[in-house]
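Construct the entire structure; sequences and hints are all you get.
Under full-length UniProt numbering, residues 1 to 351 are what the sequence shown spells out, in order.
There's no promise every hint is true.
Claimed, not checked - Restraint ranges, calculated between C-beta atoms of paired labels, are given here:
| id | residue 1 | residue 2 | range |
| --- | --- | --- | --- |
| 1 | Arg-12 | Arg-195 | 17 to 27 Å |
| 2 | Ala-320 | Gln-116 | 34 to 44 Å |
| 3 | Arg-322 | Met-7 | 40 to 50 Å |
| 4 | Gln-337 | Leu-288 | 43 to 53 Å |
| 5 | Ala-113 | Trp-19 | 33 to 43 Å |
| 6 | Gln-116 | Val-330 | 21 to 31 Å |
| 7 | Leu-288 | Gln-85 | 19 to 29 Å |
| 8 | Ala-113 | Gly-241 | 26 to 36 Å |
| 9 | Gln-85 | Ser-32 | 29 to 39 Å |
| 10 | Asp-221 | Val-328 | 32 to 42 Å |
| 11 | Arg-322 | Glu-177 | 33 to 43 Å |
| 12 | Lys-4 | Glu-338 | 47 to 57 Å |
| 13 | Arg-267 | Asn-117 | 25 to 35 Å |
No lab work stands behind these hints, which were simulated from the structure alone. Just so you know, even glycine gets a beta-carbon here, dropped at the ideal spot from N, CA and C.
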Amino acid sequence: MAKKPTMMDVSRAAGLSVWTVSRALGDGDGVSAQSREAVLRAARELGYVPNRAAQELRKNTRRTVTVLTASTSNYYYIDLMRGVQRTLRSSGRTAMVADLAAEGAYTVQVEDATVQNVIEHRTAGVISTLTLSPHNAELLQTWDIPVVFVDSAPPAGVAGAASVTTDNYAASRDVAEHLAAHGYTEWLLLMYPSRWTTRAPRERGMREAAARLGANLVVIDSENDPRSAATAFASYLDREGTRPPRAVIAGNNPLLQGVLEVLRGRRLNVPEDVALVAFDEFAWAPLLAPPLTVLDENASNIGDLAASTLTRLIERQIQAEREGERPVPVYLPEDRQEVAATLTIRQSCGC
1 MAKKPTMMDV SRAAGLSVWT VSRALGDGDG VSAQSREAVL RAARELGYVP NRAAQELRKN
61 TRRTVTVLTA STSNYYYIDL MRGVQRTLRS SGRTAMVADL AAEGAYTVQV EDATVQNVIE
121 HRTAGVISTL TLSPHNAELL QTWDIPVVFV DSAPPAGVAG AASVTTDNYA ASRDVAEHLA
181 AHGYTEWLLL MYPSRWTTRA PRERGMREAA ARLGANLVVI DSENDPRSAA TAFASYLDRE
241 GTRPPRAVIA GNNPLLQGVL EVLRGRRLNV PEDVALVAFD EFAWAPLLAP PLTVLDENAS
301 NIGDLAASTL TRLIERQIQA EREGERPVPV YLPEDRQEVA ATLTIRQSCG C
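Here is the structure:
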């Protein structure tokens, strides 16, 4: 295999000292524009890639953050990342993504290994879409890595935390009241496991609204992926004496995909046979036939808020270091925010 180019190779190609090359590649002072261009040109031609992790450790610039997602098959995270990247870019930072639950399959081992990796690379901060274990949350705190929880609650008992969450209880009531306005009384809610903390308020809102509005609500459990959702929904429909529910509420995008697969396979029409509503907007929801009614959390805006919150936390740490203090993450009351969701009405609900 070809030998990887080194900084010494760049130095020789540019005809400049290793010190100058290091300063130029690290955006340091004391390098002329002409020398910087010569270094960058030599690095490009040689295929040399600087070790940014090492530069971060030396300079302590805190430029890279990590976003922990929980199944990238969920379109919510694509919109979330759009907002995160947009806001971080203005502060000269970038985000790396690590999936703790690929295709919905979460394991403690993956979480532990990922958090360990985050600490080893001294990530400036973390945006987590899944409630971490108390141990891992405390570990990040010990290593002075601030965390903003998004679409999930901070773990119980953790001293200090930041979060940007949706008022899922109110959102569920909005869905329920709209279904009741159509005169539907038989509802089915297909939900992901309770380790995703958004489940509890969404289910509670639906159950309380169903009881108040005189509707019969059936809740079905599923793993957080399309195949599991299709299996769980089909198994319910196959029970003896079971009729298709008049309305189905899918807990998120992956579960919605499973529901649509079953409905199509059984030639059940939306909304004539089964009305359909889903949590979380996605780009082609208006393009489905019929267009899909969704509970829109505005994930891109949540990403903006999460990145802004994390930026404030990191800047406080930088200021503490300038004052000769340890950069312990300091969480203030305004670092916890709850935002409203919007019921976007289209035709799949029967409108």
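Violated constraints from the hint list, given by number and in increasing order: 1, 2, 3, 4, 8, 11, 13
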